[in-house]
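S.K.: Fit chain to chain and form the complex, with the hints in mind.
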Amino acid sequence: MVYKKRFDNRDWEELRPMEAKVGVVPRADGSALFKIGKTVAIAAVYGPRDLHPKFLQNPSSGILRCDYNMLPFSGHGERVRPGGSRRSKEISMVMENSLLPVLDLKDYPNTVIDVFVDLPQTDAGTRCAAITAASMALADAGLHMKDLVSAVAVGKVGDKIVADLTYDEESYEEGCTDIPVAILPNSGQITLLQMDGEVSPEDLNNALQLAKKVCKQIYELQKKALKEQYKQ
Amino acid sequence: MIEKNTAKEKLYVQDRSIVVPGELLAEGMGFIPSKGIYRDGELIRAERLGMISVDKNVIKLIPLSGRYIPKVNDRVIGKVIDVLLSGWKLDINSAYNAVLTLKDASSEFIAKGENLTKYYDLEDFVVTKITKVTSQKLVDITMIGPGLMTLRGGRIITVNPFKVPRIIGKEGSMVTLIKQKTGCNIVVGQNGWVWINGEPECEVKAVQAIRMVEKQAHLQGLTEIIKVFLEAK
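Top to bottom, those sequences are chains W and C. Per this note's numbering, the very first residue in the first sequence carries number 1; after that it's consecutive. Per this note's numbering, the very first residue in the second sequence carries number 1001; after that it's consecutive.
By construction, these hints were calculated from the structure, which means they are not laboratory data. A couple of the hints might just be wrong.
Label pairs and their calculated CB-CB ranges [claimed, not checked]:
1) W:Arg-27 x C:Gly-1154: 14 to 24 Å
2) W:Arg-27 x C:Ala-1232: 22 to 32 Å
3) W:Lys-106 x C:Leu-1024: 16 to 26 Å
4) C:Leu-1219 x W:Ser-171: 44 to 54 Å
Quick caveat, the model's predicted, so the values are computed rather than measured. No residue lacks a Cβ here, since even glycine has one placed at the ideal position from N, Cα and C.
Bound-form chain C, shown alone (with noise of 0.2 Å):
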C-alpha cells in the first residue's frame, strides 16, 4: 500500500511573486511543474525569470522577458528582407527568419517568372500567420486568411513579446480600448511588433498607452489605469 507523505509536501512561494532561475518553489511529488520550471529530485525550481502562478498543485510560470520565439498558428507582423527564386524572406522579430511561398502568398495566380516585387517589395510590412515551425526552427508563412494583409501608413514599434498577451487584454479588451479612445487603427503581432495608423496625434497617444501597459505588465487593474490615462486631457 503506497502511503501519502504529505507532511513533506511544502510550497515556498506565493502566487503572483518573482523567481530568478534556481530559486525554490516548493518540494515534494504532489507537485506538478509545468514549462519554466523543472524538478531537482524531490525540489521543485523555477528555470528562467517569471511571476509564479499557483493553481492547486500546478505551478505555473509566466515568462517577463525574452525574444520571441516562433509558434504555429501565431499571428505576426513581419517585413520582407529578401525576394527569392519562389517567395519571399521576413524578419520577424525573431533569432529566424520566415519564408512566404508563392503558393501562400496570394489567392491570384502568379505566372513563372513575374516579378515578384510586384506582389511584395523589400521593406514592406505585413500582417502573417505562422503556418509550419520545423524541428530546426525553419518557418513557413501564409497570407491567405481573415486580416492577413500588407501594411500601409502608420508606425510599427517593438515591444516585449511576452508583454503582448497584457497588450491584446482579456478577449481583447485592452486594445479594443486603446483603439477606441485614440481611434487608430492597432494590428498587435504576436512577436512583439505593433502597427499603429491613426491622425499623428492619436497614434503618440496610443504608443505612451502602449508603453504604460508593457511597463506595468505585472499590475492587476491595469484596464483602469490606462482608461484613465486615456480619457485624461
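Chain W with its partners taken away, still in its complex shape (with noise of 0.2 Å):
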C-alpha cells in the first residue's frame, strides 16, 4: 500500500497549475471561470431577480438556487448523459449549503439569486472548482458576502496525505479517500466536508489542515482575479 510518487509528478502538498477569471459571462450579473489542472469550471449569477412558482418566495429573504452541470463531452470518454442526474442534483445542493453561510440575503426578500455552474472538462474535483468558481461569480455580482468560500478536495492515496486529487488518484487500485473541502478563508470555518472512504481520525485531522493551508493559495487566485477586472 505505498504510493511512492503522484501521477503527475507534483508534490504531495502540491495543486494542480491553476486560472481564474472573472467577468467571463457578459450577459449575467456576475460571471467567473476557475480552472484547476485539467477540471474547468464557469459559473454564472443571475438575480436577485423574480422568483416563480410564487410558492417558493421567502418574504424576509432571498434564496439562493444553484445548478451544476457536466456537459456531455467532459468527462473520460463515457458520455455524461445531459441534464440532470442524481449526482448533479446532490452536488447542487452541497453548493448551496456550501455557499449560503457567507451569503446575505436579507435586502433581497421574495426574489431569487440563481448560480449556474457548467463543466466543460473534468478530471475530478468538480465540486470544489464549481463552488471555487460560484464564490468568485457571487462577489462580482455584487451581493452582500462575509467572505469568499476556496475549496479544494484532499485526500489519501495509498498511504499519504494528499492535495487535489486527479481522476487516476480517486481511482488507485490499493485504495483512496476523498474528502472535498471547502473553507472561508478568513476564519477557518468549514462549510462543505464530504468524503468517500475510509479514514482514521489523525489522518482525517491532517488532511483538513492540508485543505486550510491550500486552500490559501486558491483565495489570494480568487482575489486576484477579482481585483484584476478593475485594474488601472
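M.R.: Here it is in C-alpha cells:
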C-alpha cells in the first residue's frame, strides 16, 4: 500500500496549475471561470430576480438556487447524459449549503439568486472547482458576502495524504479516500465536508489541516482575479 | 478612566483601492464602518466587492457591481408590462416591479372603466419617480412632477446601475458634456436604463461615450478623456 510518487509528478501538498478569471459571461450579473489542472468550471450568477413559482418565495429573505452541470463531452470518454441526474442534484444541494453561510440575502425578499455552473472539461475535484468559481461569480454580482469560499479536495491515496486529487488518483487500485472541503479562508470555518472512502481520525485531521493550508493559495488567486478587472 | 489605545488601530487598505468580500480593511474600535462593511470583533472587513474611500476614521465602500434596488425619490426609466384594473405595472430593471396607480398617473381626471391604454400602453417607456418602497419591496411610482414623461423615439441602453452617478457626473457635468457635444437628448435613470434621442450618428456616438464612462468609471479625470473622445473626428 505504498504510493511512492504522484502520477503527475507533483509534490504531495502541491495543487495543479490554476487559473481564474472574472466576467467571462457578459450578459450575466456576475460570472467567473476557474481552472485547476484539467478541471474547468464556468459559473454565472443571475439575480436577485423575480422568483416563480410563487410558492417558493420567502418574504423574509432571498433564496439561493444552484445548478451544477457536467457537459456531455466533459469526462473521460464516457458520455455524460445531458440534463440533471441524481449526482448533479446532490452536488447542486451541497453547493447551496456551502455558499449560503456567507451570503446575506435579507435585502432581497421574495427573490432568487440563480447560480449556474457548467463544467466543459473534468478531471476530478469538480464540486470544489464549482464552489470556488461560484463564490467568485457571486462576489462579482455585487452580493453581500461575509467572505469568499475556497474549496479543494484532499485525501489519502495509498498511505499518503495528498491535496487536489486527479481522476487517476481517485481510482488508485490500492485504495483512495477523497475528502472535498470548502473553507472560509478568513475565519477557517468549514462549509462543506464530504468523504468517500475510509480514513483514521488522525489522518482526517491532517487532511483538514492540509486543506486549510492549500485553500489560502486558492483564496489569493480568487482575490487577484476579482481585483484584476478593475485594474487601472 | 478610559484610556484610548491607539497603538492597536491600524488601517490595512489605501484610499481608492479595490477590495473583495471578507478582506481585512482595518483593526481597532476607532474606525467607523459604513454600508457594505462589517465589524468582526476588533476587525473591520468588506462585505461586498467595491472601492474603498477613507475619510478620517470613517471607512466607506463604493459598490462597483450589482442589480438595482429601488429607493425612494429615485428617478428611473420604466417599461409598462401590464395594465391592471386601476393602474399599470412597470418593469424598472430590478428584481421588483413597480405599480403606477391612477391617482399618480396623470393630473387629468380618469373616469371609471376608461380604457387605460389611452394613457400608457404596453411596451411604453416612461420617466418616473419612486414615491414609496415597503419592507417587502412593493414599489409605488408617480408620473406627476417636473421632467416625468412618456418617452417617444430614441433608444434605450442598459448600463450598470452603480456606474450611473459617474455617467451623470458632478452636478450633471458628464451627461451635460455628452448632450452638448452630440446634440442628443439624454435621460439617465437611476436604475441603469438610459434613453438617448437624436440624429442616428449622434446617438451612436453618445452610446459609445456612455459605454466608455461605464468601463472606466473607477478612473480619475474621466471628463477630460470623454471630452477628447467626443471632440475627435
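S.K.: Give a verdict on every hint.
M.R.: Results for each hint:
Distance hint check: the CB atoms of Arg-27 of chain W and Gly-1154 of chain C are about 23 Å apart, consistent with the given range 14 to 24 Å. Checked against the given bound of 22 to 32 Å, the beta carbons of Arg-27 of chain W and Ala-1232 of chain C, roughly 30 Å apart, stay inside it. At roughly 24 Å, the beta-carbon separation of Lys-106 of chain W and Leu-1024 of chain C lies within the given 16 to 26 Å, and the hint holds. Range check, Leu-1219 of chain C to Ser-171 of chain W: Cβ separation about 51 Å, and the 44 to 54 Å hint holds.
The earlier numbered hints are all upheld by this structure, with none contradicted.
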